[in-house]
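Asker: In case you want the letters, here they are:
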Amino acid sequence: MPLELFTVGEPIADTTAPRDVPLPDRWNERKFRARLVNPANRRRLSVIVVGTGLAGGSAAATLAEMGYRVKNFWFQDSPRRAHSVAAQGGINAAKNYRNDGDSVHRLFYDTVKGGDFRSREDNSYRLAEVSAAIIDQAVAQGVPFAREYGGLLDNRSFGGAQVSRTFYARGQTGQQLLYGAYQALERQIGLGNVEQHPRTEMLDLIVVDGKARGIVVRHLITGEITSHFADAVVLASGGYSNVFYLSTNAKGSNVTAAWRAHKRGALFANPCYTQIHPTCIPVSGDYQSKLTLMSESLRNDGRVWVPKERGDTRNPKDIPEDERDYYLERKYPAFGNLVPRDIASRQAKAVCDEGRGVGPNGLGVYLDFSDAIARVGQAAIEAKYGNLFDMYNRITGENAYETGMRIYPAVHYTMGGLWVDYDLSSNIPGLFVIGEANFSDQGANRLGASALMQGLADGYFVLPSTISNYLADGPFPAVDATHPAAVEAEQSVRAQTERLLSINGTRTVASFHRELGKLMWDLCGMERSEPGLRKALDRIPEIRQEFWSNVKVSGEQGIFNQNLEHAGRVADFIELAELMCVDALHRNESCGGHFRAESQTPEGEALRDDENYAYVAAWEYTPEGEPPVLHREALEYEYVHLAQRSYK
Amino acid sequence: MNLTLRIWRQRDRTKKGKMVTYHVTDVSPDMSFLEMLDVLNEKLILDGDDPVAFDHDCREGICGSCGLMINGIAHGPEQTTVCQLHMRSFSDGDVLDIEPWRAGGFPVVKDLAVDRSAFDRIISAGGFISAPTGTAPEAHSTPVPKKNSDAAFDAATCIGCGACVAACPNGSAMLFTAAKVSHLGLMPQGQPERDSRVLKMVAQQDAEDFGGCSNIGECSAVCPKGISMETISRLNHDLLGALRAGGVPTS
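Which chain is which? The protein sequence lines are A and B, in order.
Heads up: the first sequence begins at 1 in full-length UniProt numbering, then just goes up one per residue.
Heads up: the second sequence begins at 1 in full-length UniProt numbering, then just goes up one per residue.
Rather than coming from a laboratory, the hints here were simulated on the basis of the structure.
Fair warning: this is a prediction, and the values are worked out from it, not measured in the lab.
Ideal Cβ placement from N, Cα and C applies to all residues, glycine included.
Treat each hint with caution, since some may be false.
From the derived model, a few chain B residues whose C-beta atoms are all more than 12 angstroms from chain A [to be verified]:
no.	residue
1	Arg-11
2	Ile-73
3	Gly-212
These stretches of chain A come out as covered by chain B in the derived footprint (C-beta under 8 angstroms, 3 or more residues) [to be verified]:
no.	region
4	58-67
5	145-157
6	181-190
7	395-401
8	559-565
Pulled out of the complex, with its shape left as it was, chain B reads as follows (with noise of 0.2 angstroms):
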């Protein structure tokens, strides 16, 4: 098939950038969206252009590393990664639109690789438990009923990606937030940090240029990894908790 491709170009995060279309001829269906970003990109290289820039690594859908936005839908049509969303989603013909992540907390790097460290500063902030190596007691001492064992596993698949981010009007990180806050307060090891927790990585995530959450639920619909809206009900429900308790809310 082929496509119209209309990919967001940006040399640095200083420089404004603009749309660039390009076409790509004879793309194979069980080509990655990502596999057919490189066939450009050999392309543009032969042809002493500067290639497309983007994030990705381990193309299986569990490094978080890729994203994009494809005609205004965080990583396409399929709630996939990009780089497990293959050509046989699009039909021959189609004009896409390739847009990085928009979100005041993610600046652009280049072209369509964004800064995500604010997600790293936010888990910095609260997201652990502490615990440091060589404390462990024997790990069958606590039990852990395995319906909350679930759960957590369930929130702790987040991979980072942004994908939520980028889909919110508000550029809100709420449901990143929540998959941690989620994951660790549902396990009885997390418990002892679980009200500084939540206020810290609140405070993180509002410190950073992330937008309120207004409860839309986009971020969960784009989730590659399907985080639920539940670990948000979680979150307010631990921050009230921890405010109640006597916690101070820094921001």
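One chain only, chain A, in its complex shape (with noise of 0.2 angstroms):
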């Protein structure tokens, strides 16, 4: 590896985790040596929440509920419009309601081998732990999960696990745990302990003594930029799918808040740690501004195939069954369909790159429901996902009873994320990171319902015992805008955004993200190898500077300027590549949702290095033109044995 590309600089290590005691009584025991704060002294105290999904929605009720003095912050019109909205399967629990076996313990190992051994063993646990509580605080506040019969909740299987641990409602669990969250937090905005700040956008961190102590926002609608203070500062901004330009993510979803304490001193971990979805609706043409997520449950029932010839434009029924094929059931006969979301999608992509894709752009597969139809008959399908059938049809105008669906890998989640410690602090102090913007307890690949649950698991339960032992040191001396730290972090952001507006050159903001999105897709997408991931690290510098010299941004910056915002975003999605790109190159292992084509096993799979890789890759900004800093965290595992993960 050429030293240009990074430098390696100190180790790092969580020190919070007491890791003197067993894996199962560690959260007890941090929480109980975890300093308090008196309940008078609590308003005393504010914190500062950025976003306001599951992680930041839930964290911003619960500190008000105990009194600390709120401050949310949102970019869109209400709170309950954040992404977690759209989320769709359900959240995981280690209830055992089913009497099939589940515990803690159970979950905790699902989840760290589902993550290719690449999360850190005390925050899975943890995870697992606090996963029944979330459950019954939701029903607390009336989330209408899906129930049976007798009154009890359902639950249903999902990947990567054996047991049925999965709490649902209907197709809309996301929505409708936010929205229990986003009640908690309305209520605590209706008793006046939560200061609440809509259409508000993040763009900078003030570091006051070493300590975050506020941000800088700017008004979407007026385009004031202001600076607010408090004793500490939590991001729930998100993951940053977003860098693709097409995803599952909302189009306002984007890395800015994370990006902008990274380059104040954050460390950012595991960036190149992506999910791709195997299941999505293909791009349909040039305008195409985001794509959409089909349950993979329909893999349950669809048969996937491509025509073995290149170039087959024939309609799917005209082609007979000896011409097509279910390349997935040659090739994994043993898991057929069914096998896991990434190998599903890089043999997607395998044989759309030989040719064989189908639909107007190539990029597709058919997912085949007419021998499940012949078998069960239609109205059975129907009765099972009667709504995805629905859906897809409003979306590309065509029967999938009749033709069959049209599927292609998509990205939508993201592992990596600001670095924290057990405490879910970052190395800034005072900086606390939560939801999909940490890089998780998920490791290298995310179980499908673990996200709904890791952003409450962090929200309702470990921030508010965590940031108290930081708040009790509080309250930290007044700060106000007048302070060197806020004025030069107001002055650069008004600097980048009269900067962005002047340029006027003859490319959109849309078109830099369009083109930058594809070149990560095509070199740092589901297969990354070295030569690609090269080619991308020349390229990115040079869309950074066309960016920069000839972008056009519209309007001013006092009004609603919606291509303003996304411009500063773009601008941070380019630096995010970039890095993304290094830490991919130079993680060559493959691992979860992180395939290096170098790195596979005889078979294709994928073929972790554990004597090399089992590590955390965090990294350290550095300006422009100098290479980015590499911090270590090793892994080490006591209680769960490194394995190579096998579908045969």
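With the hints in hand, could you dock these two chains into one complex?
Answerer: So, in structure tokens, the structure goes:
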């Protein structure tokens, strides 16, 4: 590895998990050792929370209930719109209501294994430990989970587990859980315990004497740029899938809050760990603005195939059985169409790269239900998946009962994020990071129905305990907008905004975003290789340079200017993309969602290299032109035996 | 296909707005309505014009951010959100009037974007079950009949987009409020606050610039989630019950 890509700094370690007691006792022990804040003193302490998704909404509500003064910021018009609202499938919890052998230890084990042995044991164990309380909490709030006729909660199974531990609310589990947190938050707003800042975007972090003490924001309607202060700052700003331009994330989802904190010194961990979901509706044209997921449960009854011959554009119904390639059944006879997400995604890409893809632009494969319909009848398929077939019909105008679906993989979750310790604190004291925004408990791959679990675990139960330990030292000396650190941060935000508006070039922000996204999808997507990543690392600085010399941002600063918002976010995505490629290139192994062409088994499966890469890669920001600094956190497994995942 | 768009342009809440005509060409039937507007906006930006502002986010019909009047119908002709409305629902040569939600309770922010914070204030007034984190009993301690749970879910699918208000000749927020009153009132957990909830939410709804409900039903007819008029009956039932039980109307 040539030195110019990065330099190696001091190793880091989590020092907050009490490793002197056994794993199952650590969270209780941590809570016991943590310092507390007397209820009467809490009202003297303030916390900024950025974001209102499952993590941010639940944290803001809970901290306010405890008595802290909360200032909550979000960019949408209402906290109910955070992208957690779009999660479909469900939420895992180790309740063992099915009596099928589930336990905290099993959920912990499945999470670590599902993450391909790249998550921290302590964090994953705690996630499993608090999972059951999340269900209790949500039910108490009135979340209408699916129930059986006896009135008790229903469960279903999800990928990567042999037990039925997923709680769900039809295909809208994220929406219902988010509304539970949102209503708790609105209650606190009504009681005057939360100061709300809708339509406000965080554009910088204010660090005073080494501590995170505030943020600089732009009000999206008035354009006003202001600073806000507190004793601690919590980022719950979500993931960065939109670096790929096309993803299943909402259009507004962005990395800006996390990236600006990174530029102020917060380490960014494992940025190359991205998850690509195999069953999404394919791109239909250049105008495409986002991708839509179709639940992977469809693979229970659908058969995936492409024509055997390249460029076969016949109607699928006219292609005879012996001219079809059911490639998953052929390559993975044991698992067939139900191979894990990463394998199904990579194989779809492979057949399309061979020129055998279907649909208008050749980037799609068939998910065919004709056998299932012949076997059980259309009514039975409708009862199981009717809403998905309707959604498919609405978007594509096609009747999937007759023609089958066309599907293609799409990016939908990022396991990387800002580095945090067991207390969910970043390396900047006072800056806490929760939910998808942190590098999480998920390792190199996330199991289905575990994102909702993590967001709510962090917000309802983990952060409220650990942040009190930090706040016990407060209140910290008052800071206001005249402090040099605040003045400098505000000035840099104003300067960037003015610069974006003054370039007045010839290309739109969206055109840069599309170009960057395509580059990342092609070279840092489902399969990565050294030549490809090097090519990307040559090209990204050129895109950055062209962006800053030729972008055309419309309008002005002092009005509602969505083009300006987008420009700032794309500028950050370009910088993040470079770090993702460096991380992907340096990690010369395949693990979970990170597949390096150079590191595969003879059968073409992901091959880990535990000897050299069993660590978290936490990156330190360096100014443009200087290589980033790698800080390694060694991953030690005391309770889980490292093994190669196998689906044969 | 080629279309003529007549779009409401308004710089901000305080300025007067007007309809402005635009022509879009080569529109693909597979585009969503918002993607068609994206294409228009990219052209406007390159021409040095101000792009049309509209709220949007998830673009899969669940976040509730988007919403426009298309030829006088909230979310257009298909009873879905505009992000899930596709151009194959229109024909070459169509002339489309595109306006923001028109309602006293939703002031225009810019162009097609409106301020729906009144909805949050209605929830804040009482649209919740008070269950601070940590107080919850075991989830199975109270079984909920599946029938009630399913009906609660149906009401809870409201995405807060505001189409109901925009479609209502009175600009009433009744369907929105009723959906939440129904969701929580159908669950055993929601019973202790059932009376106070409906009183407070209705009072807040009346305090905002929304009109009264006269059971016309336009709201339910455009609702992308198909929230039923039955929820309004349930709200009225609960409101009467709360008043009979001695509740004091606050509006």
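Asker: Each hint needs a verdict: does it hold in this structure or not?
Answerer: Structure-based check of each hint:
1. Arg-11: 7 angstroms, violated
2. Ile-73: At about 17 angstroms from chain A, B:Ile-73 clears the 12 angstroms cut-off, so the statement holds.
3. Gly-212: 24 angstroms, holds
4. 58-67: holds (count 4)
5. 145-157: With 9 residues in contact (Cβ-Cβ under 8 angstroms with chain B), the coverage given for the region 145-157 of chain A holds.
6. 181-190: Contact hint for the region 181-190 of chain A vs chain B: holds, 7 residues under 8 angstroms.
7. 395-401: With 3 residues close enough to chain B, the hint holds.
8. 559-565: holds (count 4)
The structure is inconsistent with hint 1 alone, although it conforms to all the rest.
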